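Top line first, the protein sequences correspond to chains A, B and C. Under my numbering, the first residue of the first sequence is numbered 1, with each subsequent residue one higher. Under my numbering, the first residue of the second sequence is numbered 1, with each subsequent residue one higher. Under my numbering, the first residue of the third sequence is numbered 1, with each subsequent residue one higher.
Fair warning: there could be bad hints in the mix.
Unchecked claim - Listing some non-contacts, in silico: residues in chain A with all C-beta distances to chain B over 12 Å:
1) Met1
2) His130
3) Asn153
4) Glu171
5) Ser278
6) Ile312
7) Gln316
8) Ala334
9) Tyr339
As the list claims (entries may be wrong) - Simulated pairs of lysine-lysine, DSS-like, Cα-Cα distance not exceeding 25 Å:
10) Lys329(C) with Lys329(B)
11) Lys94(C) with Lys58(A)
12) Lys329(C) with Lys94(A)
13) Lys94(C) with Lys58(C)
14) Lys310(B) with Lys101(C)
15) Lys329(A) with Lys94(B)
16) Lys341(A) with Lys310(A)
17) Lys310(A) with Lys292(B)
What the hints contain is simulated information worked out from the structure, not anything from laboratory work. Computed from a prediction, not measured in an experiment: that's the story for all the values here. Glycine is no exception: its CB is placed at the ideal position from the N, C-alpha and C atoms.
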Amino acid sequence: MLIHNTWYVAAEPNELDAAPLARTILNQPVVLFRTASGDIAALEDRCPHRFVPLSLGKVLGEHIQCAYHGAQFGVDGAFRAVPGQDTLPNVCVKHFPVVQKHGYVWIWMGDPELASDTSSIPDFFYRGDHPDWDGGYGHFESIQAAFGLINDNLFDITHAEYVHPGSFGGEEMRIYRRSQPGEDFIDQKTTYSVSERAITFRLRSLGMDQGGPFYRWMVATSLGAEQYSGKVDLDMQVDWGAPCYTSFLLNARPAGKPPAEGAEVCNMHAITPETETSSHYFYRSIKNYGGKELVGPFMDGVRAIFDQDKPILEAQQRSVGHHDIASMKSVSFAGDLLYRKARTINQGLCDLEQNANLIT
Amino acid sequence: MLIHNTWYVAAEPNELDAAPLARTILNQPVVLFRTASGDIAALEDRCPHRFVPLSLGKVLGEHIQCAYHGAQFGVDGAFRAVPGQDTLPNVCVKHFPVVQKHGYVWIWMGDPELASDTSSIPDFFYRGDHPDWDGGYGHFESIQAAFGLINDNLFDITHAEYVHPGSFGGEEMRIYRRSQPGEDFIDQKTTYSVSERAITFRLRSLGMDQGGPFYRWMVATSLGAEQYSGKVDLDMQVDWGAPCYTSFLLNARPAGKPPAEGAEVCNMHAITPETETSSHYFYRSIKNYGGKELVGPFMDGVRAIFDQDKPILEAQQRSVGHHDIASMKSVSFAGDLLYRKARTINQGLCDLEQNANLIT
Amino acid sequence: MLIHNTWYVAAEPNELDAAPLARTILNQPVVLFRTASGDIAALEDRCPHRFVPLSLGKVLGEHIQCAYHGAQFGVDGAFRAVPGQDTLPNVCVKHFPVVQKHGYVWIWMGDPELASDTSSIPDFFYRGDHPDWDGGYGHFESIQAAFGLINDNLFDITHAEYVHPGSFGGEEMRIYRRSQPGEDFIDQKTTYSVSERAITFRLRSLGMDQGGPFYRWMVATSLGAEQYSGKVDLDMQVDWGAPCYTSFLLNARPAGKPPAEGAEVCNMHAITPETETSSHYFYRSIKNYGGKELVGPFMDGVRAIFDQDKPILEAQQRSVGHHDIASMKSVSFAGDLLYRKARTINQGLCDLEQNANLIT
Chain A
1 MLIHNTWYVA AEPNELDAAP LARTILNQPV VLFRTASGDI AALEDRCPHR FVPLSLGKVL
61 GEHIQCAYHG AQFGVDGAFR AVPGQDTLPN VCVKHFPVVQ KHGYVWIWMG DPELASDTSS
121 IPDFFYRGDH PDWDGGYGHF ESIQAAFGLI NDNLFDITHA EYVHPGSFGG EEMRIYRRSQ
181 PGEDFIDQKT TYSVSERAIT FRLRSLGMDQ GGPFYRWMVA TSLGAEQYSG KVDLDMQVDW
241 GAPCYTSFLL NARPAGKPPA EGAEVCNMHA ITPETETSSH YFYRSIKNYG GKELVGPFMD
301 GVRAIFDQDK PILEAQQRSV GHHDIASMKS VSFAGDLLYR KARTINQGLC DLEQNANLIT
Chain B
1 MLIHNTWYVA AEPNELDAAP LARTILNQPV VLFRTASGDI AALEDRCPHR FVPLSLGKVL
61 GEHIQCAYHG AQFGVDGAFR AVPGQDTLPN VCVKHFPVVQ KHGYVWIWMG DPELASDTSS
121 IPDFFYRGDH PDWDGGYGHF ESIQAAFGLI NDNLFDITHA EYVHPGSFGG EEMRIYRRSQ
181 PGEDFIDQKT TYSVSERAIT FRLRSLGMDQ GGPFYRWMVA TSLGAEQYSG KVDLDMQVDW
241 GAPCYTSFLL NARPAGKPPA EGAEVCNMHA ITPETETSSH YFYRSIKNYG GKELVGPFMD
301 GVRAIFDQDK PILEAQQRSV GHHDIASMKS VSFAGDLLYR KARTINQGLC DLEQNANLIT
Chain C
1 MLIHNTWYVA AEPNELDAAP LARTILNQPV VLFRTASGDI AALEDRCPHR FVPLSLGKVL
61 GEHIQCAYHG AQFGVDGAFR AVPGQDTLPN VCVKHFPVVQ KHGYVWIWMG DPELASDTSS
121 IPDFFYRGDH PDWDGGYGHF ESIQAAFGLI NDNLFDITHA EYVHPGSFGG EEMRIYRRSQ
181 PGEDFIDQKT TYSVSERAIT FRLRSLGMDQ GGPFYRWMVA TSLGAEQYSG KVDLDMQVDW
241 GAPCYTSFLL NARPAGKPPA EGAEVCNMHA ITPETETSSH YFYRSIKNYG GKELVGPFMD
301 GVRAIFDQDK PILEAQQRSV GHHDIASMKS VSFAGDLLYR KARTINQGLC DLEQNANLIT
């Protein structure tokens, strides 16, 4: 199940600083580069002369130069120079629309005529380049797990108690397990709403003695303290946008304080399919409190947490093999509700795309 | 050629002490674990919810808990708990009969109705948990060689002169090459007998000046000496049980002494198919003389010897590829007699099993 | 596109000094060895008894002995001994014609009746064992690139400016880009001639200020100097013989001196297909000036240059995959002229061989 007509995260902007970047997206080898004037381009990663990857070459001004025979191409994929000859081949390397927004470089791999619709770049990623927020980037290159398995993982916070018991999870967080649509924030309760391509999910947990240790750490660091031993109030808003974007906005504060006085952390996740069974998993973790000196330990902690999912996801993929997990007979748990809704939305997008291909 | 209706060694008992153990047997991923009360269980290594291997989880009392969402299963594979919900799915993870005997954990992967017949667990492994014998365990996890190639290797001691020249082999040991059935122990001679599922083979070599250096080492250590330079008398009894069990009982003594005064070593070998072309190769080496302090050097020596077979077997498998070696046109040597008989017995068991499947 | 009826380089002679050598050639595992009397042999690398590679064994006098059960074979592949039995199997291991010439061991993998024609061993490799020349050997074992891609690379010196800018390449060398057939050496010009199975290509570049730094290094070392800062005159003769032999004869001297006073280096390259998509790439670099003490730095430099091609070639192969590059739609550059002629010659040889197989 691969969806093509959507904007995917192709790279963190700083990945293009030093040299052209090779990355396979939806089975297509792509080279990404930034020119001297700052334009960003994505081309098929294959010189049309002898098929050497252009990513082995280098950027010369506004062009990328092939490492093998020195041919140069513009950001549109057209030949700009062939050493030793005056006429240029009337051939273009395939190029892909790219845009930089919300702290990421995005790419469109689908039907180029539909690329002008950027609504699939999720608005709820806006904090990604907002001046009130700082933090860091991380990604798993070629994690050996299908896009869908990672998406399920992110939008299913019932796994936190078992995979992240020392950080996000904890028995007091189990309240989310019995969700109801259409209700507003209620103490010790969760709510969610579903639109055509998005799901929003809210959780409020008040007076936690233990809860997830990460939320307690947020309160402590926002108070400039080593530890915080009082009770914690937590609001969590999870926004999911099809096919693969999830944002966790966490607000934690000493019990009884209003949310406006809470410390906030936003974890954003974007999954880009590499192949049917492997993915590039990008994440950003940012916070709206504390100084620059907090960013290092904050990112170390966050990376250690996300590292815990990787072996689970890859073992799951080995177990599933080349099957589509949706076609396998599996047992459902009550906590599966939301990620199964997300999966249904994605399946609808996939069907729509395949039907469109049948018509054209 | 995979045989299913037999008991295979699944694990050394101490492999289940710390955590659940993952092992693929006959192409089936299996998780093995021991509960708090000491029961041993083997389940399909796949949670029926999201297909994560159960071996990533942990044992909680009498249950195994999935690492992903905390579901718990009993030794029978039935759900015992799903966090956050009261009703349990009426589904079972497949479980496999297991039994602990003769120092190993055994598993039955075939037709469950036939598992009550434990006669395929070889009686001649009884020394494996006998108080008069001590020694150690070893195994090759996922050796890249088919079950049948390893079985051939074990029951063909003509390879010892070339693969193990510094230990088991030696020119004086060549007497085994011309075997005769039905005869008893004769000086410098070998005998063998074949039953429906077993072969026994005896060798007596008297007055060896050189022989296999390992037998000389046995005499020396049993005398508490560094070296022994006299002549050596050796009795060897090799018991093979279908499909894959071999025991070598060695009795070595100063020439002229009766066997009752000999030092004895027993090497037991059990092969468990992982796939058609890879195996788990378990061995135990035990002795009935010397103190605990001898176990360390004894096992170091034995492991070094068995390590010599591994590159041969894996190179042989690469050469054979995905063919069944029995279907390949090969040259026979006189020394092939016994392992070819063993192979014929195994082929008969395999045919029997496939015919039974045709009928049902 | 694999060509069988030709002599390929199988090994450097010193590779057979210590032990039998395993090498897969045209998908066929081969063992090469030198006997006590100096005969060289090439056999199928598989004992006909239990299919263990003979290359795991050892040379005993005039025979090779299998590592598993000690069987011995002569250079003709016939059984010479089976331990423990008097009669020998009337079976032969397949053997391949071999010959040592021009500093290499050559093998014939094709129709044995055609092996007596050694004309495919290129005469222009004669300097390989000529007393006036010394240097060293190098090879890439199992480089993951098809024979044809490497052959293209060698006979296409337009890549030097980009892949070898610090040695063979340089803007002043671009004169070769516009080649004309049938002309003799002209200043700043190149010429070439094509025969049925060979192409010769000559380049003369006079008065180079920069040129390829390697040619400047030749002039400096031939003068016994650290550096040479004057202008350089260069003659280069490139001989290619089907299907895969290339020799670069370089003559560099201070500008204005006659070629007879130039320093000469000869780089010889021979490609032997391992599989359809991988190769053994042998090279020799020799010089006719300077003492033995120059060989070390000379070979270090040459190896560093040829190492630059490997990542390009392997990336190109990954990009091409299992296709034949000739069947892929590609853009041509003017500089492709000569290697495309070589490719056409090879395709003709390949077609000839396949047609011959159809008839017989």
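Hints and how they fare:
no.: 1; hint: Met1; verdict: holds (16 Å)
no.: 2; hint: His130; verdict: holds (34 Å)
no.: 3; hint: Asn153; verdict: violated (9 Å)
no.: 4; hint: Glu171; verdict: violated (9 Å)
no.: 5; hint: Ser278; verdict: holds (17 Å)
no.: 6; hint: Ile312; verdict: violated (6 Å)
no.: 7; hint: Gln316; verdict: violated (5 Å)
no.: 8; hint: Ala334; verdict: violated (4 Å)
no.: 9; hint: Tyr339; verdict: violated (10 Å)
no.: 10; hint: Lys329(C) with Lys329(B); verdict: violated (45 Å)
no.: 11; hint: Lys94(C) with Lys58(A); verdict: violated (50 Å)
no.: 12; hint: Lys329(C) with Lys94(A); verdict: holds (14 Å)
no.: 13; hint: Lys94(C) with Lys58(C); verdict: holds (18 Å)
no.: 14; hint: Lys310(B) with Lys101(C); verdict: violated (38 Å)
no.: 15; hint: Lys329(A) with Lys94(B); verdict: holds (14 Å)
no.: 16; hint: Lys341(A) with Lys310(A); verdict: holds (23 Å)
no.: 17; hint: Lys310(A) with Lys292(B); verdict: violated (44 Å)
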